[in-house]
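Student: Construct the entire structure; sequences and hints are all you get.
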Amino acid sequence: MEENDVKNRFKAVVIGGSAGSLSVLFEVFPALNPRLNVAIILVLHRKYSGDSSLSDLLSTKTSLPTKEIDDKDPILPGHIYLAPADYHSLIEKNYSFSLDVSEKINFSRPSLDVTFESAADTFGPSLVAILLSGSNDDGTAGLKTVKEAGGFIIAQKPETAQMPYMPQNAINNLEIDLILDSKEISDFINMLNQ
Amino acid sequence: MIEDEEIDLLLNDVFEIYGYDFANYSRASLKRRIIRLFALDKFPSFAELRYRVRTEEDYLKRFIEEITVNVTEMFRDPSFYKVLRTEILPVLGTKPFIRIWHAGCSTGEEVFSMAILLQEANLLKKSLLYATDLNPSVLEKVRKGIFPLNQMKQYSESYIASGGTKDFSTYYTANYGQAKLNEDLSEKIIISTHNLVSDSSFNEFDLILCRNVLIYFDKDLQERALKLFDESLGVLGYLALGSKETLKFSTIQARYKQLDKEKIWKKTM
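Going line by line, the protein sequences match chains D and W. Under my numbering, the residues of the first sequence are numbered 1 to 194, in order. Under my numbering, the residues of the second sequence are numbered 1001 to 1269, in order.
A portion of the hints provided could be inaccurate.
Computed footprint of chain D on chain W, listed as stretches where at least three residues anywhere in the stretch have a Cβ under 8 angstroms from a Cβ of chain D [to be verified]:
id : segment
1  : 1019-1030
2  : 1203-1216
3  : 1241-1255
What the hints contain is simulated information worked out from the structure, not anything from laboratory work. Glycine included, every Cβ here is placed at the ideal spot set by N, Cα and C.
Tutor: Laid out in structure tokens, this is it:
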């Protein structure tokens, strides 16, 4: 992809991850441009713990403002949003979040597919979706919807993933735009800013 | 792919023919539910779904049941119930009479959780629990008080985490994969349909619980519901919302004070 193609095209990056994805984020976050002007939406499978310590932990890795999503939070450029445990996170046409406690999808709530699909509906071609390490099927159907809506889809290089199954499943079933390791993922996100 | 304009037409039909107004529901969630129902019932086209909703009242019932989210559980967020147990109920217990409203109660798991807390605090006899929802078929389930047996292990764990000390299985009778909750828990539960979009205040309460219902509303409708709760709460009454919901942006906020960590507010004037 030429650098010119990406300038100002993208408004949001949705990153989905499961087992083994946290270590990737710990590498990507410190490398992010502190003046990034796209929004980053993070959906991670995790066990409900009743507190918000994961967003506190992630916020120590970046100077970008990081918060766990509350219902109807607006989506602002340069902010990082973490989907809360035990809710699906959806995105409204007015660039705000709506939460949902409906049935688990792919045994997961939050489900990556739900947020990818909802983000595709709102952001269309101005969305980047990235699928990281994990050991289940979640994410592939969502990436397909992102692609069909004109968005850009990326999978973590499976040989660099602690759990290669999830990104490999997407690579096997879809035409992925880029397959990247964690360093390349942070470079790519920073490039959106040029 | 279903277009937003098609959703508008369908919702308009539902309002004009049946009086259910979903215009101010969170659109992203509602659209996903409609697409899900469209796939589930294998409609060849969106026009067919629309026709069936328009012409078959029985199908409208299914439509309402499926597009509203009726996922709920007993003792969801145990730390919330712990605060009810240790901080709220002792205060309410000083009153001669306790009135509680579960707004948007769905199949009633939270109502029965509350009934258990009240019974353990020896307050159930002087309490009334109003359980309301817009959807008559979920209220039928509240009336029966029967839940899937396979959920009980998790409910028991949440009950214990909320500070419960009894054997949770003493609260139900197991039969053919179902758990029937003890009849005495139901005695003080009053069940009625009530639509937060269109119905008004109907009583004054000491505690209103509306958890993970406002997330399905847009901000305007959230404000309407919060005003309705405000009108329905006595001074020093409590309002409890879901763990990701807030009063922060509402005009009623000035009269409320939040308790520490949990999403419980006390009406101060």
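Student: Does each hint fit the structure? Answer for all of them.
Tutor: Status of the hints after comparison with the structure:
{"no.": "1", "hint": "1019-1030", "verdict": "holds (count 4)"}
{"no.": "2", "hint": "1203-1216", "verdict": "holds (count 4)"}
{"no.": "3", "hint": "1241-1255", "verdict": "holds (count 6)"}
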